Amino acid sequence: MLRRHVILLSSIAALSLCAPGLALAATPKDQLVVAMDTSSLRGLDPNEINQLEAAEIVANLYERLIVLPADNISKPQPGIAESWTVSPDGKTFTFKIRSGVKFHSGNPLTAKDVEWSLRRLVKLGLAPSTDLRQWGFTADNVEKLIRATDGSTVVVETPEVWNSNLILYSLASFSTSILDSKFLADKDKGGDMGREFLQTADAGSGPYTLRTWRVNELIIADAFKDYWQGEPKMRRVLLRHIPESSAQRLQIDAGDADVATRLSSTDLGALETGGKVTIQKTPGFGFYYLALNQKDEILSKPKVREAFRYLIDYDGLAGTVMKYYGIKQQTIVPAGLPGAIDKNPYKLDIEKAKQLLTEAGYPNGFSKVYYATPVTPEYEVAQSLQANAAKAGIKLDLQGGDHIGKFRNRQFEIFSARSGDRLPDPHAVLQSYATNANNTDEAKLVGLNAWRTAWDVPKEIQQMVTAAAHETDQSKRVGLYTKINEAYLASSPALVTSFLRTDAKAVRNEVKGYIGHSTWLTRWDTVNKGN
Amino acid sequence: MSQTTETRRAGSRKLLSAGRKLATSLAVIATTLLGLLIITFVVGRMIPADPVIAVVGDQADQSTYDRVYKEMGLDRPIYVQFGSYLADIVRLDFGQSHVTKNQVASDLARVFPATLELATLATIIGAGFGVPLGILSAVRKGTWVDHVARIVGLLGHSTPIFWIGTTVILIFYANFGVIPAGGRIDIYNEGLVEGPTNSLIVDSLLAGEWDVFWSALHHVIAPALILGYAAMAYLSRMSRSFMLEQLRQEYILTARAKGLGTRPIIWRHAFRNIRVQLLTVVALAYCGLLDGTVLIETVFSWPGLGQYLTSALFFADMNAVLGSVLLIGIISIAINLLSDIVYRFIDPRTR
Numbered sequence: 001m002l003r004r005h006v007i008l009l010s011s012i013a014a015l016s017l018c019a020p021g022l023a024l025a026a027t028p029k030d031q032l033v034v035a036m037d038t039s040s041l042r043g044l045d046p047n048e049i050n051q052l053e054a055a056e057i058v059a060n061l062y063e064r065l066i067v068l069p070a071d072n073i074s075k076p077q078p079g080i081a082e083s084w085t086v087s088p089d090g091k092t093f094t095f096k097i098r099s100g101v102k103f104h105s106g107n108p109l110t111a112k113d114v115e116w117s118l119r120r121l122v123k124l125g126l127a128p129s130t131d132l133r134q135w136g137f138t139a140d141n142v143e144k145l146i147r148a149t150d151g152s153t154v155v156v157e158t159p160e161v162w163n164s165n166l167i168l169y170s171l172a173s174f175s176t177s178i179l180d181s182k183f184l185a186d187k188d189k190g191g192d193m194g195r196e197f198l199q200t201a202d203a204g205s206g207p208y209t210l211r212t213w214r215v216n217e218l219i220i221a222d223a224f225k226d227y228w229q230g231e232p233k234m235r236r237v238l239l240r241h242i243p244e245s246s247a248q249r250l251q252i253d254a255g256d257a258d259v260a261t262r263l264s265s266t267d268l269g270a271l272e273t274g275g276k277v278t279i280q281k282t283p284g285f286g287f288y289y290l291a292l293n294q295k296d297e298i299l300s301k302p303k304v305r306e307a308f309r310y311l312i313d314y315d316g317l318a319g320t321v322m323k324y325y326g327i328k329q330q331t332i333v334p335a336g337l338p339g340a341i342d343k344n345p346y347k348l349d350i351e352k353a354k355q356l357l358t359e360a361g362y363p364n365g366f367s368k369v370y371y372a373t374p375v376t377p378e379y380e381v382a383q384s385l386q387a388n389a390a391k392a393g394i395k396l397d398l399q400g401g402d403h404i405g406k407f408r409n410r411q412f413e414i415f416s417a418r419s420g421d422r423l424p425d426p427h428a429v430l431q432s433y434a435t436n437a438n439n440t441d442e443a444k445l446v447g448l449n450a451w452r453t454a455w456d457v458p459k460e461i462q463q464m465v466t467a468a469a470h471e472t473d474q475s476k477r478v479g480l481y482t483k484i485n486e487a488y489l490a491s492s493p494a495l496v497t498s499f500l501r502t503d504a505k506a507v508r509n510e511v512k513g514y515i516g517h518s519t520w521l522t523r524w525d526t527v528n529k530g531n
Numbered sequence: 001m002s003q004t005t006e007t008r009r010a011g012s013r014k015l016l017s018a019g020r021k022l023a024t025s026l027a028v029i030a031t032t033l034l035g036l037l038i039i040t041f042v043v044g045r046m047i048p049a050d051p052v053i054a055v056v057g058d059q060a061d062q063s064t065y066d067r068v069y070k071e072m073g074l075d076r077p078i079y080v081q082f083g084s085y086l087a088d089i090v091r092l093d094f095g096q097s098h099v100t101k102n103q104v105a106s107d108l109a110r111v112f113p114a115t116l117e118l119a120t121l122a123t124i125i126g127a128g129f130g131v132p133l134g135i136l137s138a139v140r141k142g143t144w145v146d147h148v149a150r151i152v153g154l155l156g157h158s159t160p161i162f163w164i165g166t167t168v169i170l171i172f173y174a175n176f177g178v179i180p181a182g183g184r185i186d187i188y189n190e191g192l193v194e195g196p197t198n199s200l201i202v203d204s205l206l207a208g209e210w211d212v213f214w215s216a217l218h219h220v221i222a223p224a225l226i227l228g229y230a231a232m233a234y235l236s237r238m239s240r241s242f243m244l245e246q247l248r249q250e251y252i253l254t255a256r257a258k259g260l261g262t263r264p265i266i267w268r269h270a271f272r273n274i275r276v277q278l279l280t281v282v283a284l285a286y287c288g289l290l291d292g293t294v295l296i297e298t299v300f301s302w303p304g305l306g307q308y309l310t311s312a313l314f315f316a317d318m319n320a321v322l323g324s325v326l327l328i329g330i331i332s333i334a335i336n337l338l339s340d341i342v343y344r345f346i347d348p349r350t351r
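Sequence lines, in order, name chains A and B. This note's numbering puts the first residue of the first sequence at 1, with every later residue one more than the last. This note's numbering puts the first residue of the second sequence at 1, with every later residue one more than the last.
Extracted from the complex, chain B is given alone in its bound form:
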């Protein structure tokens, strides 16, 4: 037996195991999404709203009602309906929304970037303030800095977000007039920039439309700060406890004993060891923000996924509901996978 055969075998074994791993994770993802769809489908059927009435109106006569009932395929058994829905999905057809009359896919392409824009900014704000704040309060444990940081965090964690939203609008819009009341952009800048990403901030930058860019930024900042504050509360609490745990470890004591300064100890040693955990909670917070912006979207009339999903639920618009849920599921999985990849990259132990 030559060495090359041995290597080749090892190589193919590796490839096989990698393949198996990939297949397993794909199967897990597919099962998760399928489960998500089944639950949503069943729950959707239990909503006490009649999708046919939502389409034909309360006063429609029975023949109209029956016709639309059939058109919508509701006369078929529920598993047949679900089956045909799945078959459509495989062909990347998410069906038509009864409410908007558009293809669900094109609706999502329009509303999701609005939410993505908001959630991304909120995550940046939340992590940008929350992580340093948490670390600071761990390092200064027991001092007034720690207390203040914890109170700020506690407030952010326990105050209802719509209440903060309404209060902010009341103070900064109604009284001081420094923020707009709602929407993504000033009405007069409407329609100046369209596509390609449907994120007004990005699109206006790409198009070099500065007025639109400022207007979009101006509109996003209040809701993003509020959401970011809630995320910050969570992230600062988590990073504080991660950091405290590290600071209790022996290697820190050793480093201190060796005479290393506080800064290098915190940043070069302790922080390196909590990066992976932090990344996980930031990813979690991001996922949470993507599907948890409903209230803030309502308060700020932000035309995003949250509003879309709420109105779809209200009118029993099942294609839109399923499409949105599927999208949230896929995005959550994607963010998790991405954070997985990133921490393999930064933490050799997980490779």
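Just chain A, same shape as in the assembly:
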């Protein structure tokens, strides 16, 4: 009896393992499979999300007035807006809306939809609304300042004069996606302007429509047949939730996935040598930073801050854990943007750090609690700093975990993480790292890393940042940013930058046209698999 059971069970097992027709096939030619970690994805409302994976999806379900091409991100191109003009005083932007664009519902896209969508972003006031709110738009003035003047013209007036690129770049962000206002009219729940509905559905005009979303499992998007630029080549795009780097690596290697987006440096390295896959390193507009709380007596000493700059192993990390995740950069304007300078004066130097500590009055060092996010590569960077600091006499009690809440509330001693900005302009980074209008606890400027660090940024730096944002002359701006950059480097900042963020993706060689986008708007309609 026993024997019979064993035989029966093992034959069932063997049968299912070798069941015919189940041999693994590469992904079909007309479907794109992307391996992602979607665990932090919540909702797909363009006016609510604030995260890389969600942005890529929204970028393909919806469209925006302006397009920033992946290969030339600082050159605004027509999108839903066929053309635009900026008034001589730099405050009024007039957009001519393209005709013949259809939403997924079949409704035509009109100037009214643009007006409604931009107003909605500001009125909802959720995280991505910063994209417009930072230029002075508020729920009270947006009705007056953003308006459709006829069926195909939209006027956007800014409360102050800003460099026009800042406004145009903002109108290319996923948050300023154009929504189908007519379709959403009856989806309103308690004045939420369709927010609840849009968590799991789309109301866009983009090349893809959302077909299925199963949280932490799968997202399927179908090509939109009536897309105004023609039906995309990939009939379907499937995003699979695969949180493990090693699992992503195996699947892209075997051809079950075409793109893998969350791989460790080790796995990326192994795939790169394998030859079936190309590794894309997309530069981002954020930094790996070390924040030293200036409310702390010891850490507020400029020489102590300076000492930390000598405790980071820039070159050692650059070749290992940061190989795919960052580019060494000690200045504050991201490489490639106006005002960037190629200057990295610091290197790992324990003796120099010791000397600075002695000069600051701490020859025997000190100990501090150090919060770091336990994800690769941030934690490896933190561990490396901890080891070097120990050699200089600084004992860092490294604590992993999610401490961003404490950072926001200034309740920390040392903290490190990485930032990510979406505006291809130095202003985005500088605003957060180099302005702090009011350094009191009550001011609660929690959006600014400088405030969180309680760093009273030198006034001349702050003034220059503000002036540069308002400057309309492009060459003057470049000059200003260069100056800011130098001044920031010289100020021994409380926010130490070590690496410029890059986002790495592995793409199989047969997949063409999947191009990582610095502001997270990677397109799927440009993808083909050699057909």
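Quick caveat, the hints were computed from the structure, so don't treat them as lab data. Heads up, some of the hints might be wrong.
[What the hints assert, rightly or not] Facing chain A, according to a computed beta carbon distance under 10 Å, are these residues of chain B, among others:
1) A49
2) R110
3) V111
4) E190
5) E250
6) H269
7) N273
Since the structure is predicted, the reported quantities are computational estimates derived from the model, not experimental observations. Think of the CB as a built atom: it goes at the ideal place given N, C-alpha and C, for glycine as much as any other residue.
Go by the hints and put chain B onto chain A.
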């Protein structure tokens, strides 16, 4: 006093005691679940993740943060929050998940069948192999069969399950390509079968979709075998020791002395006496599998309760955490009750 009154009284006494018993067990169940919720609620508050930031994002300004903080009811004292949560639960409303934006109940209805499918298969495999193996090794105690069985069991017991999982994927997926890498189904069969049970194997059978059925079976077999192996290790150890204990009893010696063959002694006598114990450990193993599949679910990208609960914990999504914990609690109690009923049925002494 007539006999009928006597009988009636006895009858009502019986009914009363049965009623009391039922009331007691219901009270015990309710207290257990309440305790479970309180502990989870308190622990959830100590997680160093900020649920508001998880919703609004790191860069949100203070006014947005404050608004959502209020919306989520976090400004109220913790006991008020807990009280209102309990009141909702009584109305069978488990609240909304901040992460998925769905009702927790509907999320659970989707993820739990995936885990149930995996755990049930693993239990069948574990018990199907483990119990006979344990009995065999008890009967052949000291022989090579016993040694082999014990080594196999020991390995299953002491090897980390995620390590086995990764190794299996590496060998059978990456090298031989005979198993899929993860997920519940081939991507191309996605969406062909939906509902009613959310168990793809059952649903595809009901719908007569054979491709989907094979694909689902093909996907479940590796994780189920690995989990089943771990369960087998435990169950074979337990059944071995149960059986050894029986074999030392005098009635077995008597039976042997009477000239009864080994098979009837083992199956008709000894096995009958360990059925109840076996049922208990199988039920325990099943409960363990239902909430212990986190690692294997991660390795095999299996969208089940384990993954759901982990990500809920990571983002301090308390409604989802509490809902999942409550579900695990209820299922554990239900399995225990069920095994209770079954052994009353098979063992007259416990009636």
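*Go through the numbered hints given earlier and state which of them the structure violates, listing their numbers in rising order.*
5, 6 and 7
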